[in-house]
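Participant: For this one, chain G is given, so just place chain F on it according to the hints.
Here's the letter readout for the chains.
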Amino acid sequence: MKQKKEFDYFDRPETIKKLWIMLYAICGLLVVADFFTHRHPHFGFDGFIGFYALLGFVSCSVLILFSKLVALVLKAKEDYYDK
Amino acid sequence: MISDFPPAAILILGALLVPFFKGNAKNWYVIILPAVAFYLISQLQIGSSWQVHFFGFDLTFLRVDKLSKVFGYIFTLNATAAFVYAFYVKDSTQHVAALFYIGSALGVVFAGDLVSLYFFWEIMAVASTFLILARKTKKAQAAGMRYILVHVFGGLCLLAGMVIYITETGSIAFNAMTDRNLGTYLILIGILVNAAAPPMQAWLADAYPEATVTGGVILSAYTTKTAVYTLVRGFPGWEILIVVGCIMTIYGIIYALLENDMRRILAYSIINQVGFMVTGVGIGTMMSLNGTVAHAFCHIIYKSLLWMSAGSVLYMTGKSKCTDLGGLYKTMPLSLIFGGIGALAISSFPGTSGFTSKSLIIDGAIHEHLVWVWLVLEIASAGVFLHAGIKFPYFVFFAKDKGLRPGETNKPMLIAMGFMAFMCIFLGLYPQPLYDVLPYEVHYQAYTFNHVVAQLQLLMLSALVFFLFLKLLKRTETISIDTDWFYRKGGRLFYYIMDRGLNGVNALSDRAIARAIPAWLGRFSRTPVSSMVTLYMRATGKDRRSIEDFRREANPEATTLLPMGMPVFISIVFLFSLFVIFAFF
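Protein chains in written order, with my numbering: chain G, 1 to 83; chain F, 84 to 668.
Looking at chain G on its own, in the form it has when it is part of the complex:
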């Protein structure tokens, strides 16, 4: 007896590849869209094309790396408090 095929679209490697391409494309398009905005920087240094893209990229990278750093001190086994 053949079982009903499960919906597993997001498990397939080709889907994941498609999603990666989409993600890069969206990021690229958003930076391109920046050429069509009226630049009026709030503080002077935030006026260049793709400022928010750079801010997002850098701050998230730093946040992740920083969290890995503090994890060295702060991570503990799940039964830490039970001992």
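Honestly, the hints are just simulated from the structure, not real lab data.
All values derive from a computational prediction rather than experimental measurement.
Where a beta carbon is used, it is the ideal one built from N, C-alpha and C, also for glycine.
Treat the hints loosely; a few may be bogus.
[Unchecked claim] Chain F is faced by these chain G residues, among others (derived, beta-carbon under 7 Å): (1) Glu-6; (2) Leu-30; (3) His-42; (4) Phe-48; (5) Ile-49; (6) Ala-53; (7) Cys-60; (8) Ile-64; (9) Lys-68; (10) Ala-76; (11) Tyr-81.
Facilitator: Then chain F, alone, in the frame of chain G:
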């Protein structure tokens, strides 16, 4: 007039009747109560009040202005949805505790004076503890105990501050505090404990994830948001709050990134979100205060939605650790879609309520030219998408399929989630109804081309970073040590030191004073002469053996060289005769 009745009373008095309802009637009853309260709040006239004279104070149980009304709306709206979600819960205790909790939160929001505010503040702490204890696990009980102790501490700070404040000003009215002295700072600390501000923030991520499925949904909304309300009312423009708020936003992200338990991720993200609101209060302009209130309003909706989504996963699978979950999109697609909408809203994705509310706070910082504050808020906005926007749905519903096939959750849960998801999108596309009920007039347009592009750049690049760094973000079966270490491990250390320290002194005193010294004194008084001679001989360096020989041979006491009995008898007779003479003559 009936409509001038404090809305808190409807829920608190209504809670008392819950045990008399059976089966589904009980659930319908608890859904209808907050809905009625919502209607009555909408009928309250701005400026009306309801006072009671009590112990020489005029207690104002009802103060209606735009600020109290908007919090009243969202508290009752959220309560209605939460009780729909909790339709499967037949346990009266949980419903009564929840109604007391929500009712007293309304009490705080509508309280016009410090005394009644404090009264409801404390009911809130106690009632909420029952929502944690109701999980009935050992961990939940321990977390509940720690939770109530922290809140008792916060309550005491608040009380001490209020006593000082009332003595100084002679008034119990609760309005914006202008004096900065011990009294107002203590009040501020008491409130900040409830807002989960560092260093007293660990209770939130410690206790909420141990609550029941529905308890978590309800808890996520009220304690921190009444604290936000109290800050908006009492402490607008206190610059220290900018610092506190900025720390909270970053703190929440870092811990949420480290966390493995999905409900704990959401708990840390509450701290992050409240950080935005606290910052808005600190900036203190009309725009940023509007932003804080709007953000609190939207936050309650999407955060409840996220807790509902996580709750339905916990309800169906019994698991809440990311390492145990994954691949649930196959069997719980609706929970995923609704939770995903909440995740987009918390990340202030354009088109959702977070976008139309948080932008007010960030623009408030820009208008005041607070460059660092603005930068921190933007960084934190990017980080929200990392930890709550993507991490939560990704590890729970996608990631590695762990073979769980629970099936979709029950209908009432889905209806509640669907309603909240609708609200997130509705307020995201058409925020005007919300802007109309904010305390100050709003002249703001979130949807400009620039703003949308900037926000999307920030978020999509964050998403890119998430997937590029996915290996680093892989979940491990660990917990992260937080400031609750000081009262969990530190408490034990304190106990150990006290045990060893004080009990050591005890044992030493016991050995020295209670046993050794009296024994020696006893020996000394029985054989004073030989004892003294022994001491002398020891001091002059005679060895032990010759001392013993001397004592055995001489034995001065035994030879009645010194008749001890007689002098003692004479002294007693003498003292007694003195007593008789003084007493009777």
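Participant: The structure should be examined with respect to each hint, and the outcome stated for every one.
Facilitator: These are the hints, each one checked on the structure:
no., hint, result
1, Glu-6, "holds, 6 Å"
2, Leu-30, "holds, 5 Å"
3, His-42, "holds, 5 Å"
4, Phe-48, "violated, 12 Å"
5, Ile-49, "violated, 10 Å"
6, Ala-53, "holds, 4 Å"
7, Cys-60, "holds, 4 Å"
8, Ile-64, "holds, 5 Å"
9, Lys-68, "holds, 6 Å"
10, Ala-76, "holds, 5 Å"
11, Tyr-81, "holds, 5 Å"
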